Amino acid sequence: MKKTEEDNGRYEIRLSGSGGQGLVLAGVILAEAMGVYEGKNVTQTQSYGPEARGGASRSDIVISDGEIYYPKTTELDLLLCLTQESCDGYFGDLKEEGLLIVDSDRVRQLPTQKAHALPFINTAREKVGTPVVANVVSLAAVAAISGICSRESIENAVLDRAPLGTEEKNKMACDLGFKLGLESRRIWSEKKIAFDN
Amino acid sequence: MKKTEEDNGRYEIRLSGSGGQGLVLAGVILAEAMGVYEGKNVTQTQSYGPEARGGASRSDIVISDGEIYYPKTTELDLLLCLTQESCDGYFGDLKEEGLLIVDSDRVRQLPTQKAHALPFINTAREKVGTPVVANVVSLAAVAAISGICSRESIENAVLDRAPLGTEEKNKMACDLGFKLGLESRRIWSEKKIAFDN
Amino acid sequence: MVEQVSNVTHKYLRPKKTFPNVWCPGCGIGIAMGALIRAIDSLNFNKDDVSVVSGIGCTARIPVYLDFNTLHTTHGRAIAFATGVKLANPKLHVIVISGDGDLLAIGGNHFIHAARRNIDITCILVNNYIYGMTGGQYSPTTPFAKNASTAPYGMIEQSFDPSDLAKSSGATYVARGTVYHASQLSRLISQAISHNGFSFVEVISNCHTQYGRLNREGSAVKMIQWQKEYAVPASAAARMTREELEGKFVTGKLHEVFRPEYVSEYQKIIDKFNEEEEENRQLQES
Amino acid sequence: MVEQVSNVTHKYLRPKKTFPNVWCPGCGIGIAMGALIRAIDSLNFNKDDVSVVSGIGCTARIPVYLDFNTLHTTHGRAIAFATGVKLANPKLHVIVISGDGDLLAIGGNHFIHAARRNIDITCILVNNYIYGMTGGQYSPTTPFAKNASTAPYGMIEQSFDPSDLAKSSGATYVARGTVYHASQLSRLISQAISHNGFSFVEVISNCHTQYGRLNREGSAVKMIQWQKEYAVPASAAARMTREELEGKFVTGKLHEVFRPEYVSEYQKIIDKFNEEEEENRQLQES
Amino acid sequence: MAEVETKRKKSFYKENVPLLMQGNEACALGALAAGCRFFAGYPITPSTEIAEILSRLLPRVGGKFIQMEDEIASIAAIIGASIAGAKAMTSTSGPGYSLMQENLGYAYMAEVPCVIVNVMRGGPSTGLPTKVAQGDVMQSKWGTHGDYFPIVIVPSSVKECFDYTVKAFSLSEEYRIPVTVLSDEVLGHMREIVKLPSQEELNIVTVPKPYEPPEWYKHFEITPDFRSPMASFGEGYRFHLTGLTHDEYGFPTASKTEIVRKLEKLRLKTMRHLDELTDVRVEMMDDAHIMIFAYGSTARAARQAIRMARKRRFKVGLIQPRIIWPFPDQIVREYLERVDLVIVPELNQGQIIREVKRLRYRHVKIIGLNRFDGELITPQQILDKLKEERH
Amino acid sequence: MAEVETKRKKSFYKENVPLLMQGNEACALGALAAGCRFFAGYPITPSTEIAEILSRLLPRVGGKFIQMEDEIASIAAIIGASIAGAKAMTSTSGPGYSLMQENLGYAYMAEVPCVIVNVMRGGPSTGLPTKVAQGDVMQSKWGTHGDYFPIVIVPSSVKECFDYTVKAFSLSEEYRIPVTVLSDEVLGHMREIVKLPSQEELNIVTVPKPYEPPEWYKHFEITPDFRSPMASFGEGYRFHLTGLTHDEYGFPTASKTEIVRKLEKLRLKTMRHLDELTDVRVEMMDDAHIMIFAYGSTARAARQAIRMARKRRFKVGLIQPRIIWPFPDQIVREYLERVDLVIVPELNQGQIIREVKRLRYRHVKIIGLNRFDGELITPQQILDKLKEERH
Amino acid sequence: MADTEKVEVKKKWKKRSDPVVIYKKWCKACFICVEMCPQKVFDTDRDGYPVVTRGLDCTQCSICWLHCPEFAITSSEK
Amino acid sequence: MADTEKVEVKKKWKKRSDPVVIYKKWCKACFICVEMCPQKVFDTDRDGYPVVTRGLDCTQCSICWLHCPEFAITSSEK
Ligand SMILES: Cc1ncc(C[n+]2csc(CCOP(=O)(O)OP(=O)(O)O)c2C)c(N)n1
Ligand SMILES: Cc1ncc(C[n+]2csc(CCOP(=O)(O)OP(=O)(O)O)c2C)c(N)n1
Ligand code: SF4
Ligand code: SF4
Ligand code: SF4
Ligand code: SF4
Ligand code: SF4
Ligand code: SF4
Ligand SMILES: [Mg+2]
Ligand SMILES: [Mg+2]
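Note that the protein sequences, when read in sequence, are chains F, U, A, E, P, Z, D and B.
My numbering puts the last residue of the first sequence at 227; the count rises by one with no breaks.
My numbering puts the last residue of the second sequence at 227; the count rises by one with no breaks.
My numbering puts the last residue of the third sequence at 317; the count rises by one with no breaks.
My numbering puts the last residue of the fourth sequence at 317; the count rises by one with no breaks.
My numbering puts the last residue of the fifth sequence at 393; the count rises by one with no breaks.
My numbering puts the last residue of the sixth sequence at 393; the count rises by one with no breaks.
My numbering puts the last residue of the seventh sequence at 1274; the count rises by one with no breaks.
My numbering puts the last residue of the eighth sequence at 1274; the count rises by one with no breaks.
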C-alpha cells in the first residue's frame, strides 16, 4: 500500500458483478475487516436505485491510514469482477498499475494480461458445495493478492456476519480463497519479473 | 374638498358603529357613488376577522381626484359614528379640522362641540318604518354635510344595491338623510361663524 | 336524569380566558362543549389527565376555553397530533374535537387511519354540514342539492355518512347525538371516552349563520328544534324500514366491538423486552 | 373464455420504452397490467381517449409502459390529478392505478373523497399488502401480526378492507379480483370502466420480494397459487357463514348502485346556462 | 328571479366602465378574461372570495369549478386539468400554499402551466388569518425541494390584481410553468375603481399546439429558446408525464447528460428570458440618492412616501418590481451603483432585503423597515425612517 | 433465537470501539443516544433505514415508533409527542419534507422541540430518488409560510451524522425549536468507521421544567435570553397551544404589541445566540487568498481538493459550516475581507452561494461549482475550477 | 294532591330569588332558553335579553342551562 | 373416440412449430408459466429459462400468457 502525504495512503477497491452474487455484503465485510480489525479508516459505498435492481452490482471500499476526505472512489487500486459485463464496464476506472482480479469462468475476455483470473464461483460450488459463498472466496483472494488485510481479519469479519450454522462453510471459503489468492500472487509476481525484464 | 399636490385632493372617511348596522355596505355604496357616478378614484377598506364578528364595525373610504397611493386612511377628514363606543375609539383618528357626524341618540358624550349630532336611527325607524335603512339615512347625511357627493350619485348608488322591492324605502331614507344633513350643515355653518367670531 | 350541571361546567372553564366566546349567538358548538364538559366530569378524571385537541374551524375553537391540556393545531391534523400525544403519554385521556370540514375534508385521511389503527382516542365531530368559520362553503357532509357559498347552484356531490365511514374504517365505538338531545349527548361522549379503542361521536349541530342563512332554515332555535324531528333513536330505527328512515338520522350508540388497541399492543412489545432484560439480569446475577 | 390476447397486449405497449420492465421476476403487477390492457381492448376504446394515472410505487410504474395518455404523479395524489384530467376533458376514460400504500396510506383522503363525489373515474388498487418499492414497510392492508421491515415484531395495527371502505365512502361499483384469476380480472376491470360513476377494483397481488420474504411465504408462483385457495367467489360467499369466511377474501363484483355522477351533474349546470343564453338570444332576435 | 339572474349574467364582465371591486374579485375576473376554465380550490381566509366568485361564474362560460378535499388535491387537480387542456388556477393563503409545495414542484418538473394566487396573511402557521403580511415572498421562490426557477408576481392595486392575473396566465403558458400571484389580505379585500379592458386590449398568450405528427412529438423538447409547443391529453399525442427526472419524451432517465439537460432547461427557460421577465416600475430615480425598494401593498405607501419626502427635498425614488421572481438583478444592480442608501420596507422581518444585499458590490447602506403586526406600513413610517437615516 | 436477540440487543450501542455503520444508522443511534423516545415517519428513499432501525430499537428502550399514513401526519405526531414530553424525531427526503412544511411552521410558532432528518436526493419533485443532491438547503430556511428563523445542520460524515443528530436534539431543546438535519443520499448509505462516545462524553441538553407553580406558569414566557423552561402535557400545567399568534400564556391575541413581541421572539431566540449557533470548520485559511465554501458531502471533496491545490501552491482554504442556518455571517464576512476568490461547490444549481454573495461589500469574485446529475462533485473538479480561475 | 302541594310549598319557600340566573355579560340573546323552556319561565327585556318572569313555574328541568351555548345560565337551586 | 382423434390430428398438423413462443430477452425466468401450465408443456433450459418441450400437449388454454408478468409469451396459433 503506497503512501503519499496527499492521499494518506489511500487505497480504493471495487467489488463488482451481478445482483445476487453477494458483493455488497462482501464489500461490507471487507470494510469491517479493514476498519474494525485492522484499525484503518474506511468508507464503503454502493450503487442504489433502479440499476441496483437485478443487473449490475458494485461495492466500493476506500481504505486509508489517515482521514478519508473524499469518500467515493476516483481511481481504483483494485478491481474485482465476477461478470464479463462488470469487467467491461469498470476496467476503465482502474489505475494503470492497479490490480484486476476476475472470475476465470465468467470473464473470458480480459482487457489486460496483468490480471488474476481465478475460478471463484466454481471453487465455491465444487469445493464448498454452494455457489453462495463465492463472494467470500473472492474476498479472501482479494485480501491475499493485495496484501492489504490479514487472513485473520478477513476471517473474523466473515464470521461476524455469517448466519448461524454457516460458519464452517464460510471458514472453508475463506481458506480456499486465501489459498487461491496467495498462489496467484506468487505466480503473478514471477510473471511480473518476467514482464519487467 | 381641499386639494394639494401632495395628496391629489385626498379625502378620508370612516363610517363606524356596531356589526349589523350595515356600515360596510354603506361604505361600499359611498365608494360606488364617488367612483362610478362622480368619476373619482376611491379605495374602500374594512376590518375583517374576529373583531369583525359582532362588536365594532367600520368601513373606510379614501377619495381622490388623482391616483390614490396609500389605500388606507391615515387622518380622517370625516368620521361617522353610530355608537358611543366607535366614537370613543375613533375620534382620535380625526383631523383637527375634520367633520364628526354622530347619531344623536346613541352618542351622548361628544368629544367635541363641533359635531353634527343627528337622529339617524330614530328617523329610519320612525319615518321609514325600519331601522335597517339607518345606514342609508346617515350615508345621505354624510354626503350632504361634507358636500363631496351629489344627491343623485348617492341615490343611484343606493338603488343599484337595493334588493328588489326595497327601492322605495331606500329612496325615502336617502331623502330624509339628505334633508337632515343639509339642515345640519346650515346650522353648523352659522355656528361656525359664531365660533369664528 | 337531571344533573348538577349549571355550576359544573364553570369548574372546567379557563380562568384566564374571557367570555363571551367567539361563536355566533345561538351556535350549537357551545352546547356541544357543555356536553363534553359534563361527560368528562361524570368520569371523575383529574383535569391534568385530560387532553383536548382540535384543528381549525369554529368547532376547533373549543379547546381554548377548557382548563385541560389543550392543543389547537393546524387545519385537519388534530388526530395526527393527538396520536403523538397519546403515544408519548398514554395515561392522558385524549379527545379530539373537530368540525366536518376539519375532520372529514382536509383531515379525512388521519380520521380513517386512526380508526383503522384502533388507537385509544375519542373523536368528536360537530357536524353542522358546512364550513362555518370561512363563511359557508360546502363540506363533505353538505347534503345533495343544498346551497353553499361555493355551491351557488346547489350541491352536486354526494355526502359522507360520517358514522358509517368511521365504522368501516375500523372505529370500535360509534355513536351519534344532537345538541338538541344534550343530556343524551354527554352520556354518549362519556361512553365513548370510556371505550378502549378508537371511539367516534358525531354531534348534529346548527350553523344558522352560514348553512341556515344560505338554505333558509331559520334561526338557531328553529334549527336546533328541527333536530328533534329528524332524529330516530337507534332502538326505534332497528324496527323501521329503509323508506321510513329516509331523510332521518339515527341517534344513540350505533356500533361497539372490541379489537386489539394500538397503545396496549405496543406496550406488550415493550414489556416483552423489559421482561427479557430482567431475566438476563437475574441470570447474570445468579 | 379463451381470448386472443397474446398479441393484443403488445398493441398497447409503448414503442419507445424498452422491456423487460422494472418489476422483480414474477411480480404480479405485470399480470395486473395485462388484465388492464385486455379490459381496455375489450371495450374498443380509441387509445387517445384513455388516460391512465398513477402515483408512486412499483404498481405506479404501470403507466409508463402503456401507449395511452399517461400520467405518473406524486405519491398518493393520482386520484386528485385524475379528477382534474376528467373534469377538463370528460371524454377521456380516466383510470387510476395504485398500490396499497399509494392509494390507501398517503392517498387515502383523495380516495374516499373521489368515491364520495361519485366522479366517473375507475380506480384499480394492486394490493400486495406492503410497500414494495421502498423495501417492505407495512401498509394499511398488512394483516395483523404479519411482519414488515418497520414491523419487526409483527404488525400491531388493524388493516383496512379496501373494498368495504370504498363502498362506505360512496363508490358505486366495487369489485375484487386476483392476479391468479386473470381473465375474471379483465372482466371486472372492463365492467368497472363501463360503470358511470366512481368504480373500484381491488386486485390481490404478490410481492414475494418484500412481503413474501419477510413472511416466508415463498416464491412468486407459490404466492399466486395461494390466491386460489383463499378466494371465494361472491356468489359462494353469499351462502357462507362469517366463520367460514374468516381469513378468506371474496372475489367478483361486490357492489353496484347508481347515484348522480359528478361530471354529468356539473354538465347540467353548464347546460342550463347555455339554454338560458340561447333563450335570451332568441328573445332579442325576435 | 330568472330575469335577475340573466341580468347578472350579462353583467359580470363590463368593459371600460368604472367598477368598484375587491382585489379578489379582480383576480377572479382576470382569470376568466385570460381564458381560465378550471378552478380547484379549498377555502381559506383571505382568499375565499376568489373561489366563491368562480364557483358562480365558471359554469356560465362553460368552465368547471370544484372544491377539493384540501389544498394538495386542489393543486393536483389544476395540474391534471391543465394537462388535459384547460387553463387552470387555484387560490389560497399561507397554510394552503405550504401544503401545495410538493405538487407545485411537480408542476415545475413536468412543466405544466397553471396559476396559483396566494393571498398572504400573517404567519407563520395559522398566525393572523385576517391580517395582512408579506411573509411568503421567499417561500414562493424556495418552498419546494430541489432546484427550480419560479415566476412570481406581486400586484399592488385592484387593477393590477386583474392585469397581473391575466399576465400570470400568459407567462404560465409561454414558459410552461406554474406562476404564483402574491396578493395580500389588504389587496384581496380592498375595493377600488377599475375599468376592465376590452378583449382586444388584453394580451392573452396561449401555448401553441405542436405542428408535428405524434410520432415526432417530444413533449419536453429542448428548443433553442427553451419554450416549446404543448399537446394536451386526448389530442392524439399520448405522451407520458412524470415527476421523475426525464428525457425529452417524458420517460424517466438515468443518463447523466439527459438529467443535466432537463434540469438546466428548468433554469434557462426563465433565466435566459430575464428581459421579458423584468417588470419594474421605476419612479423618481433619475436624480435619486436614496432608493426605496418596495413591492405589493407596501409599494403603495412608498409611492406616497417618496412624494412626501421629495417635498422635504430628499432625493428619493422608488423601485417597485411587479415580477419579483426572477428577481430584477439587472435594474437593481444598476441603481445600486448610483445611490448610497436603500430602504426596503416589507411586511415581514426582512426577506427581499437579502436579495438587494446580494447585488451589492460596494458600500451602500441597505436597511429594512419591517412591520409584522398585521397592519400596513404607512407613508409616514417610511418618511420617518428616511429622516432617521438622514437626520 | 432468543439468545441471538439478546446478544443483538446488548450490542446496539457499543461505546468506543470501531464500528462500521451507515449514515442513516448513525442518525438513528444518535437519536437514541440523545434520548429520543418517539419516532413517527413515513418511508422514503433514501431515508428509510432510519425508520427501520428505530422500529427495531425504540421499543427496547421503552420508546415508541409509529409509521403514520403520510409525512404530514408524521410531523404532526412528533410535535404532539414532544408536547406530551417525549424527545421526538422524524426522517424523510425532499417530497416528504415539502409535505411537512405546514406543520413545521406550526412547530416554529408553538416553539415545540423536535428533530427532522432530511436525507436529500435529487429534485425537484420525485426527481432522482436514489441519487445524491443538496437541493433542499434554501427550502430548509424558507419552506413554510411566514417569518421564522430555523436551525439547520449539515453533517459531512457518518460520525457527524451521529454527533450532529445528538446536537440537533440539544439545540432543539435549548431553543425550543424544530431542528432539521440535512443529510444526503451518499452520507445516508455510505458506511464509515465510527466510535460511539460514552454517555458521559455526550453533551445532552434537555429543556428544564418550570419551577414555578402552574398558576404563574407562562408556556411562552419571553425571558431576557429568549429561552425558557417548558412543561409538558400531563404535568399539571394545563397550558394551551395554538398556531394562531399568541400571548405568553399561549392564548390567541389581537394586540399589536403582543403580536410583535411573539414574532420578534421567534427571531431573537436564534439571532441573539449566533455565537452558540455558529459551528464552522475552518481549514488552511490563515494565508489563503482563495476560499472554498462547502458543506455536507461536498465538503469532503473540498477537503481533499484544498490539499491537492496546496501541493500546487494555491493559497486556498476551506470554510465548512456544520450549522448552515442561521448562516455564519460573521465568519464569512471576515474572510471575505481577506480573499479575492471564493468557490462555492454545491450539488444544486446555486443556492448557498447567494448567501455568500449577500455578505460581500467589495469586489470579491464569488463563483459556483454546480453539479446536479446525481453524483458527488469530485476533488478534481474543484481543483480544475480553481485552475481555470487562476490559469 | 297533598304531595304536589308539599312540593309547591317547598318551591315557594326556596324561590325567594330566581330559580335560574342569567349572567347577562355572557348572554348573547339567542333565545334558546326562552324558546326551549317548557314552562315559559322567560320573557325578553327591553334590550332583547332573556329575563326570568315566571320563576315560580320553573321545574329545574335543566333544559335551559344544558342548551345555553354561552354557559350564561346557572341554577340557584342546584 | 373419433372426435378426439380428429382433434389430435389437427393439432399435430398445426403444431409444426411451438404452440407458444417465449421471447427470452423479456423473460425473467420467474417460472410462473412453467408451474401454472396445466399440461406441463415447459421445461427449464440450462440457463434457467423456460423452454417448450411438450408442445403437442398444449391446449391453448392461455394460462401461461395471461400470467406472464413480462408479456414474454405469445401464442403462435391465436
Ligand atoms: C390548510 C388550511 N386550509 C384552509 C384553512 C381555512 N379554514 C379554516 S376553518 C375551515 C373550515 C371549517 O369548517 P369546519 O371544519 O366544518 O368547522 P366549522 O367552522 O364549521 O365548525 C377552513 C377551510 C386553514 N385554516 N388551513
Ligand atoms: C411524499 C412521498 N413519500 C414517500 C415516498 C416514498 N415511496 C415511494 S413508493 C412508496 C410506497 C409504495 O407502496 P405501494 O403504494 O403499496 O406500492 P407498491 O410498491 O407496493 O406497488 C413510498 C412510501 C414518496 N415517493 N413520496
Ligand atoms: S359561523 Fe356557524 S358554526 Fe361558526 S360560530 Fe357562527 S353559527 Fe357557529
Ligand atoms: S418489490 Fe414487490 S411489488 Fe415491487 S416489483 Fe418487486 S415483487 Fe413486485
Ligand atoms: S340561551 Fe344563553 S345566550 Fe341564549 S338567550 Fe338564553 S341565556 Fe342568553
Ligand atoms: S330549568 Fe327548565 S323550567 Fe326552569 S327555566 Fe330552565 S328550562 Fe325553564
Ligand atoms: S412467466 Fe414469463 S417471465 Fe416468467 S418464466 Fe414464463 S416466460 Fe419467463
Ligand atoms: S396455453 Fe395453456 S397448455 Fe399451452 S403452454 Fe400455455 S398454459 Fe400450457
Ligand atoms: Mg362545519
Ligand atoms: Mg403495495
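A hint or two may mislead.
[Said to hold, decoys possible] Listed next, the stretches of chain A that the computed footprint assigns to chain P, with coverage defined by at least 3 CB atoms under 8 angstroms from CB atoms of chain P:
no., region
1, 81–88
2, 105–119
3, 132–143
4, 178–187
Worth flagging that the hints you see were computed from the coordinates, not collected in a lab.
Note that the coordinates shown come from a computational prediction; the quantities given were computed from them, not determined experimentally.
C-beta: ideal position from N, C-alpha, C; glycine also.
Here's how the hints hold up against the structure:
1. 81–88: violated (count 1)
2. 105–119: Per the Cβ count (3), the hint holds.
3. 132–143: Since three or more residues must qualify, the claim that chain P covers the region 132–143 of chain A holds, with 3 doing so at under 8 angstroms.
4. 178–187: That given contact holds, which follows from 5 residues of the region 178–187 of chain A lying within Cβ reach (below 8 angstroms) of chain P.
When each numbered hint is compared with the structure, a violation occurs for hint 1 only.
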